[in-house]
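All chains, full assembly: derive it from the sequences and hints.
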Amino acid sequence: MISVAEPWVEAPLKRFVDDARVTFALLIYPSGQVLGQSGFSRAVEVMSAAALAAGIYATVRELGRTLDGKGFRDVFHAGAKRRLYLAEAFTPRGPCLLLTVFDEQSSLGLVQLYFEELRTALAQTKVQVPDAAPMLDENFEVELNRNLAMLFGRAPGRRHITPTS
Amino acid sequence: MKTNLTPILSALTRQRGVRGSLLVDETDGVIIDATMHVGMKGPAFAALAASLYRKARLSAEAAGLGGVTFVRLRATEGHVCTAGKNEMVLVIVADVHANIGLIRMEMLKALERLTI
Numbered sequence: 000m001i002s003v004a005e006p007w008v009e010a011p012l013k014r015f016v017d018d019a020r021v022t023f024a025l026l027i028y029p030s031g032q033v034l035g036q037s038g039f040s041r042a043v044e045v046m047s048a049a050a051l052a053a054g055i056y057a058t059v060r061e062l063g064r065t066l067d068g069k070g071f072r073d074v075f076h077a078g079a080k081r082r083l084y085l086a087e088a089f090t091p092r093g094p095c096l097l098l099t100v101f102d103e104q105s106s107l108g109l110v111q112l113y114f115e116e117l118r119t120a121l122a123q124t125k126v127q128v129p130d131a132a133p134m135l136d137e138n139f140e141v142e143l144n145r146n147l148a149m150l151f152g153r154a155p156g157r158r159h160i161t162p163t164s
Numbered sequence: 000m001k002t003n004l005t006p007i008l009s010a011l012t013r014q015r016g017v018r019g020s021l022l023v024d025e026t027d028g029v030i031i032d033a034t035m036h037v038g039m040k041g042p043a044f045a046a047l048a049a050s051l052y053r054k055a056r057l058s059a060e061a062a063g064l065g066g067v068t069f070v071r072l073r074a075t076e077g078h079v080c081t082a083g084k085n086e087m088v089l090v091i092v093a094d095v096h097a098n099i100g101l102i103r104m105e106m107l108k109a110l111e112r113l114t115i
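Order-wise, the sequence lines are chains S and E.
FYI, in numbering that gives the first Met the number 0 the residues of the first sequence are 0 to 164.
FYI, in numbering that gives the first Met the number 0 the residues of the second sequence are 0 to 115.
The hints are simulated quantities; they were obtained by calculation from the structure and are not laboratory data.
Source: prediction; values computed, not measured.
Don't take every hint at face value.
[What the hints assert, rightly or not] The list that follows gives simulated cross-link-like pairs (lysine to aspartate or glutamate, EDC-like), each with its CA atoms no further than 16 Å apart:
id, chain 1, residue 1, chain 2, residue 2
1, E, LYS54, E, ASP32
2, E, LYS84, E, GLU105
3, E, LYS40, S, GLU115
4, S, LYS125, S, GLU9
5, E, LYS54, E, ASP24
6, E, LYS54, S, ASP102
7, E, LYS40, S, GLU116
8, E, LYS54, S, GLU115
[As the list claims (entries may be wrong)] Over 10 Å on every C-beta distance to chain S, these chain E residues come out as not near it, computed from the model:
id, residue
9, VAL23
10, THR26
11, ASP27
12, GLY28
13, MET35
14, GLY38
15, PRO42
16, ALA43
17, ALA45
18, ALA46
19, ALA49
20, ALA55
21, SER58
22, LEU64
23, GLY65
24, LEU101
C-beta: ideal position from N, C-alpha, C; glycine also.
Here it is, written out as structure tokens:
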């Protein structure tokens with residue numbers, strides 16, 4: 000099941016999940032705030048994955064700057080059975096990250112292929128950009144909890160769809 | 000960038016009607032080495048072709064037919080041929096009028112020579 004905190008990510012994220020046949024997908028802002036998810040069943044899992052993904056991204060970006068003069072754009076980790084891919088995309092509201100986990104039903108090549116389509120779709124999304132209010136530390140937890148509540152149906156504005164496959 | 004696999008793939012690409020030869024990791028679907036005509040979307044094609052070969056291999060195994068030696072996909076504008084060895088997939092894209100019999104023979108010979 001896909002659930003989103005912001006409706007404009009629903010269609011592109013669903014298409015990515017269906018096409019790439021990934022087990023988990025999590026779309027977040029680099030701060031760790033969640034935009035949408037697929038495959039997770041509990042809010043605490045989403046919160047942990049989002050925090051860890053944001054941490055990994057911050058680390059590899061700095062590592063890339065140190066080694067290569069610019070931040071790495073994506074990260075791939077091959078586990079024994081599952082693989083993880085973390086990559087950066089851009090939306091009218093700024094950069095975001097996709098964390099996705101897949102097994103032998105998919106491959107790195109397929110995930111990268113369909114991620115490029117997701118990246119293009121997100122970049123072309125027509126979404127109103129709110130007045131630039133920086134994410135403040137004191138607001139972060141409130142915003143994070145609000146998004147998680149929306150994702151898991153504990154707040155108004157919940158949206159979810161069931162994949163066709 | 001040339002590798003020790005490049006001459007083998009280049010020889011395949013020089014066959015009449017062949018648009019490109021790619022050696023792809025079957026599990027990851029990423030290119031190990033390739034020689035292609037200009038305009039081919041290598042990474043996308045590699046990912047999809049490796050997935051196709053993998054599913055054909057798994058189907059053959061599930062049907063009790065043993066390993067797959069050669070897979071040919073015929074489309075309106077050409078052919079995609081794949082053959083695998085040791086988690087690698089050799090992929091050829093060819094025009095509709097290419098000599099598939101000859102290409103198949105050359106692919107299987109090339110597979111024998113491919114070692115990483």
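Pair hint LYS54 (chain E) and ASP24 (chain E), alpha-carbon separation not exceeding 16 Å: Answer holds: LYS54 (chain E) to ASP24 (chain E) is near 14 Å, not above 16 Å.
According to the definition I'm using, a residue is off the interface if its beta carbon is farther than 10 Å from all beta carbons of the partner; does LEU64 (chain E) meet that for chain S? holds, 20 Å
Is the Cβ of ALA55 (chain E) farther than 10 Å from every Cβ of chain S? holds, 14 Å
Can the restraint linking LYS54 (chain E) and GLU115 (chain S) be considered satisfied, given a maximum Cα separation of 16 Å? Violated, because 23 Å separates the two Cα atoms, which is more than 16 Å.
Could you let me know if the closest chain S CB is still more than 10 Å away from the CB of ALA49 (chain E)? violated, 6 Å
Can we trust that ALA45 (chain E) is non-interface, i.e. its beta-carbon lies farther than 10 Å from all of chain S? violated, 6 Å
Holds or violated: LYS54 (chain E) with ASP102 (chain S), Cα cutoff 16 Å? holds, 14 Å
Quick one: work out the minimum CB distance from LEU101 (chain E) to chain S and report holds if it exceeds 10 Å, violated otherwise. Its Cβ never comes within 10 Å of chain S, the nearest being 28 Å, so this holds.
Verify the proposed pairing of LYS54 (chain E) with ASP32 (chain E), using a straight-line Cα cut of 16 Å. violated, 22 Å
SER58 (chain E) non-interfacial with respect to chain S [C-beta, more than 10 Å]: Non-interface label stands for SER58 (chain E): nearest chain S Cβ at 14 Å, farther than 10 Å.
Taking the shortest Cβ-to-Cβ distance between GLY28 (chain E) and chain S, state whether it exceeds 10 Å. violated, 3 Å
Evaluate the condition: distance from the CB of GLY65 (chain E) to the nearest CB of chain S exceeds 10 Å. holds, 20 Å
In summary, the structure is inconsistent with hints 1, 8, 9, 10, 11, 12, 15, 16, 17, 18 and 19 from the numbered list given earlier, while agreeing with the others.
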